[in-house]
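**Student:** Here's the letter readout for the chains.
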Amino acid sequence: MSRIINLGMNHETAPVSLRECLASDPSNSGKALDAMKEVSSIKECIFISTCNRVEAFAVADDPRYSAVAILKIMCELGGRSNEELSSSIYSNEDGDAIRHLFRVASSLDSMMVGEPQILGQVKQAYALAVEKKTSGVILNRLMHRAFRVAKRVRTETGVSESAVSVSYAAVELARKIFHVLEGKKVLLIGAGEMAELAARHLSTHGISEIIVANRTLSRAMHLAEVFGGRAVSFNEIETSLVEADIVVASTGSPEPIITYETVKGCLRKRRSRPLFFIDIAVPRDVDPRINKLQNVYVYDIDDLKGVVEHNITQRKQESIKAERIVQEEVEKFQKWLETLSVVPTIVDLRKKAEAILEHEFKKSSGALASMSDSQREAMFVMARSICDKLINDPVVFLKRTISRSSSTGYLDLTRKLFKLDGDEDDLH
Amino acid sequence: MIYIIFNISLWLHLLSAGGFIVFLISQQKFVFRISYWTLLSGFLLHTAFLILRYILIGGTPVFDLSSALSLFSWSIVLAYLLLHLRFGLMVLGSFAAPFAAFFMIISSAMSWSDAPAGVGFKSLWLTVHVGTIFLGNGLFAINFLGSIMYLFQEYYIKEKKLGGFYNRLPSLATIDSINYQSLVTGFPLLTVGMISGSIYAQYTLGTYWQWDPKEVWSFVTWLAYAALIHERVAIGWRGRKAAIMSIGCFALLIFTFLVVSLWMGGYHSFGSLGEKRGL
Chain A
-7 MSRIINLGMN HETAPVSLRE CLASDPSNSG KALDAMKEVS SIKECIFIST
43 CNRVEAFAVA DDPRYSAVAI LKIMCELGGR SNEELSSSIY SNEDGDAIRH
93 LFRVASSLDS MMVGEPQILG QVKQAYALAV EKKTSGVILN RLMHRAFRVA
143 KRVRTETGVS ESAVSVSYAA VELARKIFHV LEGKKVLLIG AGEMAELAAR
193 HLSTHGISEI IVANRTLSRA MHLAEVFGGR AVSFNEIETS LVEADIVVAS
243 TGSPEPIITY ETVKGCLRKR RSRPLFFIDI AVPRDVDPRI NKLQNVYVYD
293 IDDLKGVVEH NITQRKQESI KAERIVQEEV EKFQKWLETL SVVPTIVDLR
343 KKAEAILEHE FKKSSGALAS MSDSQREAMF VMARSICDKL INDPVVFLKR
393 TISRSSSTGY LDLTRKLFKL DGDEDDLH
Chain B
147 MIYIIFNISL WLHLLSAGGF IVFLISQQKF VFRISYWTLL SGFLLHTAFL
197 ILRYILIGGT PVFDLSSALS LFSWSIVLAY LLLHLRFGLM VLGSFAAPFA
247 AFFMIISSAM SWSDAPAGVG FKSLWLTVHV GTIFLGNGLF AINFLGSIMY
297 LFQEYYIKEK KLGGFYNRLP SLATIDSINY QSLVTGFPLL TVGMISGSIY
347 AQYTLGTYWQ WDPKEVWSFV TWLAYAALIH ERVAIGWRGR KAAIMSIGCF
397 ALLIFTFLVV SLWMGGYHSF GSLGEKRGL
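Taken in order, these protein sequences are the chains called A and B. Under this note's numbering, the first residue of the first sequence is numbered -7, with each subsequent residue one higher. Under this note's numbering, the first residue of the second sequence is numbered 147, with each subsequent residue one higher.
Hint data in this document are derived by calculation from the structure and do not stem from the laboratory. Everything numeric in this text was worked out from a predicted model, so none of it was measured. Idealized CB from N, CA, C, for every residue including glycine. Among the clues, some could well be false.
Below, simulated EDC-like cross-link-like pairs (lysine to aspartate or glutamate); rule was C-alpha separation at most 16 angstroms, straight line [claimed, not checked]:
id: 1; chain 1: B; residue 1: K306; chain 2: A; residue 2: E301
id: 2; chain 1: A; residue 1: K408; chain 2: A; residue 2: D340
id: 3; chain 1: B; residue 1: K306; chain 2: A; residue 2: D294
id: 4; chain 1: A; residue 1: K261; chain 2: B; residue 2: E377
id: 5; chain 1: B; residue 1: K304; chain 2: A; residue 2: D294
id: 6; chain 1: B; residue 1: K304; chain 2: A; residue 2: E164
id: 7; chain 1: B; residue 1: K304; chain 2: A; residue 2: D17
id: 8; chain 1: B; residue 1: K307; chain 2: A; residue 2: D294
Some residues of chain A that are not near chain B, with every Cβ distance over 10 angstroms (derived) [claimed, not checked]:
id: 9; residue: E153
id: 10; residue: L165
id: 11; residue: I304
id: 12; residue: G358
id: 13; residue: A359
id: 14; residue: D380
So that you can see chain B by itself, here it is in the shape it has in the complex (with noise of 0.2 angstroms):
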């Protein structure tokens, strides 16, 4: 069974979150290595469970609250991977390991519907708008996290308390430049996953928009981080008030995918995408 390539990821990153912690209180280097190696595995694994998913039900497994979990874990993994390519940060895995497994633990804790996906759900357009969303999703996870490093060390140096975490933590310099990273490459991604599920939504249901609660909302989202990217670019904001509004912008982000779906109804929701009601 699928399920228990999915069971043994769910362990790798269990205990990857572990060793990312122990990381973060030891410092020790192979115990990063270690943390980092049980991650990729399992990131492997739940890679291959998705490939496995995809054809087990004919579509992207994104129809129920469990598989979108999943797959938003997933996504943050993947995040995390790139962007420790770019920087080589390694604190970063304690913040978004632990936050990945948080997801795939809940992800795990619910059942999952394999039937099979509507004659509706088998499009190219839906993968590339479920994928650019996700991915998009998991940089401003990647964002939320680091601008809670920020906070932290921010104040740290602000109240000169030099204890604590401080010297675990990057500098100010490099906390802000992988939000900003995350924040202009999810951004794209963002736009991108929306375009593509509007023009689909034109296929399949014969209009772009619909003012379904999903929509609006996305579009609220959408428009709260175009005001933090443009407060960045164009006004030069950065640091402190640049990190609250990206905590500000994942909260709304987050509400958008899990309150909105499962009780703002709308074809968007679980209930309906289980049931195909809404095609």
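With the rest of the complex left out, here is chain A (with noise of 0.2 angstroms):
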């Protein structure tokens, strides 16, 4: 019978100098299932690779033998000796395989829990290998598996809900503050790296205009061309401040820019709109007193750093919850492996066959009332040899498999063509 392993290494087994002669070549993936494919006991594979991990999945017949043939062929495409690699990589099989998957899928083996481009890089390697044929039935079932947990992790668990980042926890502070970005005003004060940062991150949810003010002018009007903005002088800074609602201060000035009687001073011209102050300058460029001001808020980088921490633990705990989905998910596939052989195939076509007899008789009790005991019984006889007859060649063909290696995809057209699994819901 058939087992999964899976051999990788991740951010906290390998250093990224190992990680990175593996994932620095895209073409890396390729190859690696090319390779693999070529490996007589490896059945089906994919090979993910990303800048947090590397690993390959398989479905082979001598656990043993495909993980050592793996680890060579990861040893030859990264250019390094066996020893070197050995140390660092993991291996796992069957249950603990599957669970590692799902794990690594639903972002809770992630350097950074609950960040999301993971999901997408392993829906590409399953590409690749769905594209490269090295994918077959136990695979493709697993991978859509891998997905569904992924969902479920995501919609039923708050592991990827808050920002874990700097400029995440400001845009998301800002939705908290003016419920949408659309249509809003924000002033960078500081055109330096920070400040190019965070108006990225700010232009690409919709804000309507951004205005650049720095001490040499020449910089702004830079920055301001990239985003489409204008750019103002740092005396314009109080007028600039009566229109705009974000207002994110970078500069590198030793003393508070924006002081509390600027803005006290323009709160009524504004008519009490919100004005939301980020401030990640160190040393401040915002007077913190501000933020006592009505309809002024003022967040300075530790306030955000704070944020970020604490949707960290918030994350932590929200996993406790993520790990319970997977262990059930990985118990229902486990499962369904188990149902992929011969035997149990075939006692499920019979119960199915009887099933299908038993209803179906109950069905015309009514029609076949008249009918004396002995002509009934007949009636059952003839009913029950058909059911035999007609399933009798399927099972004769599903033992003859036993022995073949192909047996796992006629096992499951089988179970596809007489629906033993139930309702299969969500797959394809």
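Assembly of the complex is requested from the two constituent chains, each provided in isolation within its own frame, with the hints serving as guidance.
**Tutor:** Take a look at the structure:
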């Protein structure tokens, strides 16, 4: 019987120098699949490679032998010796391998738990495996299950709910104040790298205008050009404050640029529209007392980091819930895997025939009531032998495939043809 | 008996209030859906009950405290449902449903008077007077609840304590626009209610205004809400200040609605309405 095996390394087991030797070349995944296909004991395989992890999953007859073969392939691709790699590599089999894949897909094994990119990367790896025809009945189902687990984890737990980077946290806060960022104006004070990063982040959320104020106007004009905004001089900050909704301050100034009095002075002209200061400068550009003003909110870099930390602890708590979902799904998959051998399939087939027979007899009991007992008996025997004859050839065929390596395909087909797994919802 | 309908409606309100609280904590959409439909069916039964009572006593059923509270609760749910259609804000129900259920419970704990309405109470003017005032009050109740939500959410953001209900409450802009909407819709209704009441008083009592305590306090409440609207529209007040003033206005409204009617006498008081002494 074939087994599911997994070999891999991630950000915890392998240093970046080792990970990048495999992940740096994007064509490596394809090469790895080609090489694995050549190994006779490997029937199906998939190769996942991102900057944080390298994973191979395979359905194989001889797990020991196949694992050694996969390790060898990884060494060749990365140009590293067996000794260098094997200390950083973990291997899992069956239930553990399934659980590992589900955890990877639902971002529970990520460096930043809950980060959304990994699912896309797993999907890409699967698409490549489909393209190279290295995935089969078991991997297909396993991967679809993995996507489903990821979806369940995302919707049923808060693992990927809240922002875990400073700029995300700032955008989320802005959303809690303004609801939508469409049509809002952003004033950037300082035109350095941080300002640019913040502006890029905000502009993907549909803000209408970016105003850039910088001590050297040329730099401000350059940044304004990039985002289709306009540049103003430092003296115009006060007037720009009247129109802005979000202010991102990131200058290197040793003293606060935005004083309490300045903001207080422009509140009336703003007609109390909310104003959100994001102060990512150290030392701070925005006087913290401004936070006390009505409808004005000031978050400095420490506050934002605090938000992020809070969110990370929350994610960790939520991941307990997620692990439970993963465990549930692993058990479900293993159950299915067990049915994918000859004897249970034949038993299920017989059971199905028997169930149909009884159901139909019960349905026609009214019409059969006028018959004598012996007639009814004969009728029943006839129906049963029709059933038996009908499933006899498939059963004989399945028994003959036991020794063949392609048996899983036939078993899967049989289960689908006769709908032996009930109403299987979600796949395909 | 029509009171069976009321009791079923009461239970539906309680169930839905419980469901909405569970939703507030668990954030599961299906919990919201169940609570919402439970509330809607409770509301429809309550509507049926009010119609039947209208027929039974031959006039708008507000002459005793029990009926008035039941109608108030009905108005709150109606206002909530209208604003839900407009904003689709799920968490609002977690505040509105328990609030409405609270008044339903008090209403159910008191005895109903089934005495038929006096001749003077069978007027379309009275129905308009009561209907507009109560719907206005329902909207002000939502305005009050929204203001509480606003103060909570503002506190979380200002103090940088992003735990608690921060994630569950909507954005400040959303809450503020619900508060604004409920205010500018409720105020004209209150105004129409007071004018129609005064016209009705002219018909039945021969005078538009007679310094009855309820009249005076209603006018004070009206002035307070007028001031709030003025500050919002003309000065541009919003957010926290507006929310605090909304809560103050609503306290005044409850005072006028309950305290004045119960203990300050006058022809509007439940005592005199029940005995029809006033007319």
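**Student:** Taking each numbered hint in turn, which are not upheld by the structure, reported in ascending numerical order?
**Tutor:** Checked against the structure, the hints that fail are numbers 7, 9 and 10, while the rest are satisfied.
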